[in-house]
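Protein chains in written order, with my numbering: chain A, 1 to 152; chain B, 1 to 152.
I should point out that these hints are in silico values taken from the structure, not numbers from a laboratory. Some clues are possibly wrong.
[To be verified] Below, in silico cross-link-like pairs of lysine-lysine (DSBU-like), each with a Cα-Cα straight-line distance of 30 Å or less:
#	chain 1	residue 1	chain 2	residue 2
1	B	Lys23	A	Lys61
2	A	Lys151	A	Lys113
3	A	Lys61	B	Lys113
4	A	Lys142	B	Lys86
5	A	Lys86	B	Lys94
6	B	Lys86	A	Lys61
7	B	Lys86	A	Lys94
8	A	Lys23	B	Lys103
9	B	Lys103	B	Lys142
10	B	Lys23	A	Lys56
11	B	Lys136	A	Lys61
12	A	Lys94	B	Lys113
13	A	Lys113	B	Lys120
14	A	Lys86	B	Lys113
15	B	Lys142	B	Lys61
16	A	Lys120	B	Lys120
17	A	Lys56	A	Lys151
18	B	Lys142	A	Lys23
19	A	Lys120	A	Lys149
20	B	Lys113	A	Lys56
21	B	Lys142	A	Lys61
22	B	Lys151	A	Lys86
23	A	Lys94	B	Lys61
24	A	Lys84	B	Lys61
25	B	Lys56	B	Lys136
26	B	Lys86	A	Lys86
27	B	Lys56	A	Lys23
28	B	Lys61	A	Lys56
29	B	Lys84	A	Lys120
30	A	Lys149	B	Lys61
31	B	Lys84	A	Lys61
32	B	Lys86	A	Lys84
33	A	Lys113	B	Lys61
34	B	Lys120	A	Lys61
35	A	Lys61	B	Lys94
36	B	Lys56	A	Lys120
37	B	Lys103	A	Lys61
38	B	Lys61	A	Lys86
39	A	Lys136	B	Lys94
Protein chains: 2
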Amino acid sequence: MKTKFLVAALSLVMAGGAFAQVKPEDAIKYRQSGYAFMAWNMGRIKMNVEGGQYNKDEVIKAANAIQAVANSGMGSLYLPGTDKGKGWEESRAKANIWTEQEKLGKAAMAFNKEANELAKVAQTGDAAAVGAQLGKVGGTCKGCHDDFKAKR
Amino acid sequence: MKTKFLVAALSLVMAGGAFAQVKPEDAIKYRQSGYAFMAWNMGRIKMNVEGGQYNKDEVIKAANAIQAVANSGMGSLYLPGTDKGKGWEESRAKANIWTEQEKLGKAAMAFNKEANELAKVAQTGDAAAVGAQLGKVGGTCKGCHDDFKAKR
Numbered sequence: 001m002k003t004k005f006l007v008a009a010l011s012l013v014m015a016g017g018a019f020a021q022v023k024p025e026d027a028i029k030y031r032q033s034g035y036a037f038m039a040w041n042m043g044r045i046k047m048n049v050e051g052g053q054y055n056k057d058e059v060i061k062a063a064n065a066i067q068a069v070a071n072s073g074m075g076s077l078y079l080p081g082t083d084k085g086k087g088w089e090e091s092r093a094k095a096n097i098w099t100e101q102e103k104l105g106k107a108a109m110a111f112n113k114e115a116n117e118l119a120k121v122a123q124t125g126d127a128a129a130v131g132a133q134l135g136k137v138g139g140t141c142k143g144c145h146d147d148f149k150a151k152r
Numbered sequence: 001m002k003t004k005f006l007v008a009a010l011s012l013v014m015a016g017g018a019f020a021q022v023k024p025e026d027a028i029k030y031r032q033s034g035y036a037f038m039a040w041n042m043g044r045i046k047m048n049v050e051g052g053q054y055n056k057d058e059v060i061k062a063a064n065a066i067q068a069v070a071n072s073g074m075g076s077l078y079l080p081g082t083d084k085g086k087g088w089e090e091s092r093a094k095a096n097i098w099t100e101q102e103k104l105g106k107a108a109m110a111f112n113k114e115a116n117e118l119a120k121v122a123q124t125g126d127a128a129a130v131g132a133q134l135g136k137v138g139g140t141c142k143g144c145h146d147d148f149k150a151k152r
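Please put together the full structure from these sequences, using the hints given.
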């Protein structure tokens with residue numbers, strides 16, 4: 001009873017409240033949000049590595065955020081047909097996302113691997129090692145964007 | 001040398017590439033992204049709890065994502081003056097965010113506490129307990145929105 005009440009109350013909090021099925025425009029918005037949120041955290045780590053003031057705690061938080069987003073299962077947000085459509089903005093997902101699944105899977109796994117490693121390296125507080133690992137993460141981002149994200 | 005090269009290469013990946021300081025419109029976009037990404041994950045957990053098909057692994061991923069975003073330090077994205085301004089959309093942050101810091105801090109800490117607990121409870125795979133804890137997280141979301149987020 002209590003659980004049902006609390007879960008019902010939750011609907012007030014969440015945009016729309018209709019989550020029985022994720023709508024295509026919401027799926028696009030959520031994935032754009034995940035990438036933008038990671039971009040912030042990549043940028044924060046970069047600032048720490050390059051800015052001359054390394055804050056170990058901030059880098060750990062940022063790396064943990066990237067890791068959790070990377071491992072959240074965003075693949076489920078690529079609903080069929082959502083290469084077209086508008087979330088926060090027009091989707092730039094290319095149609096080959098749905099036809100080159102094996103290649104995509106490899107790109108996603110490479111990203112996850114490097115993101116997991118970044119979270120580990122962040123714990124050391126070694127700015128140079130974090131910078132090197134951040135570069136590896138960024139390389140997997142770029143690799144996937146080159147193949148599966150439309151240019152503006 | 002290698003580190004510098006890799007970090008420099010990273011700039012290609014990140015939107016804009018200028019992260020020396022976060023621009024107000026980007027700060028708004030990043031925080032809107034964080035909340036939207038959490039909304040997706042709240043919704044996923046809700047579906048698992050209510051949908052009749054409970055996927056423990058998916059709930060863990062979603063709870064970990066909420067936890068990492070909650071603990072990422074999004075407070076730094078509330079740059080002075082960014083109650084006005086457009087990220088993905090017009091900011092709905094109320095001006096009292098910058099004047100009622102103690103109250104805001106309590107609201108933020110309550111949210112973090114419940115989000116951390118949700119990640120723990122998710123590990124048990126107990127759907128009812130997860131539902132109850134999701135309700136507690138949602139309650140802290142709503143509490144903060146009531147006080148610090150403008151209605152549409």
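Each hint, compared with the structure:
no., hint, verdict
1, Lys23/B x Lys61/A, "21 Å, holds"
2, Lys151/A x Lys113/A, "25 Å, holds"
3, Lys61/A x Lys113/B, "16 Å, holds"
4, Lys142/A x Lys86/B, "27 Å, holds"
5, Lys86/A x Lys94/B, "27 Å, holds"
6, Lys86/B x Lys61/A, "26 Å, holds"
7, Lys86/B x Lys94/A, "27 Å, holds"
8, Lys23/A x Lys103/B, "35 Å, violated"
9, Lys103/B x Lys142/B, "14 Å, holds"
10, Lys23/B x Lys56/A, "23 Å, holds"
11, Lys136/B x Lys61/A, "23 Å, holds"
12, Lys94/A x Lys113/B, "39 Å, violated"
13, Lys113/A x Lys120/B, "24 Å, holds"
14, Lys86/A x Lys113/B, "34 Å, violated"
15, Lys142/B x Lys61/B, "23 Å, holds"
16, Lys120/A x Lys120/B, "20 Å, holds"
17, Lys56/A x Lys151/A, "35 Å, violated"
18, Lys142/B x Lys23/A, "23 Å, holds"
19, Lys120/A x Lys149/A, "28 Å, holds"
20, Lys113/B x Lys56/A, "22 Å, holds"
21, Lys142/B x Lys61/A, "24 Å, holds"
22, Lys151/B x Lys86/A, "24 Å, holds"
23, Lys94/A x Lys61/B, "26 Å, holds"
24, Lys84/A x Lys61/B, "27 Å, holds"
25, Lys56/B x Lys136/B, "19 Å, holds"
26, Lys86/B x Lys86/A, "18 Å, holds"
27, Lys56/B x Lys23/A, "23 Å, holds"
28, Lys61/B x Lys56/A, "25 Å, holds"
29, Lys84/B x Lys120/A, "38 Å, violated"
30, Lys149/A x Lys61/B, "25 Å, holds"
31, Lys84/B x Lys61/A, "27 Å, holds"
32, Lys86/B x Lys84/A, "24 Å, holds"
33, Lys113/A x Lys61/B, "16 Å, holds"
34, Lys120/B x Lys61/A, "18 Å, holds"
35, Lys61/A x Lys94/B, "26 Å, holds"
36, Lys56/B x Lys120/A, "25 Å, holds"
37, Lys103/B x Lys61/A, "23 Å, holds"
38, Lys61/B x Lys86/A, "26 Å, holds"
39, Lys136/A x Lys94/B, "39 Å, violated"
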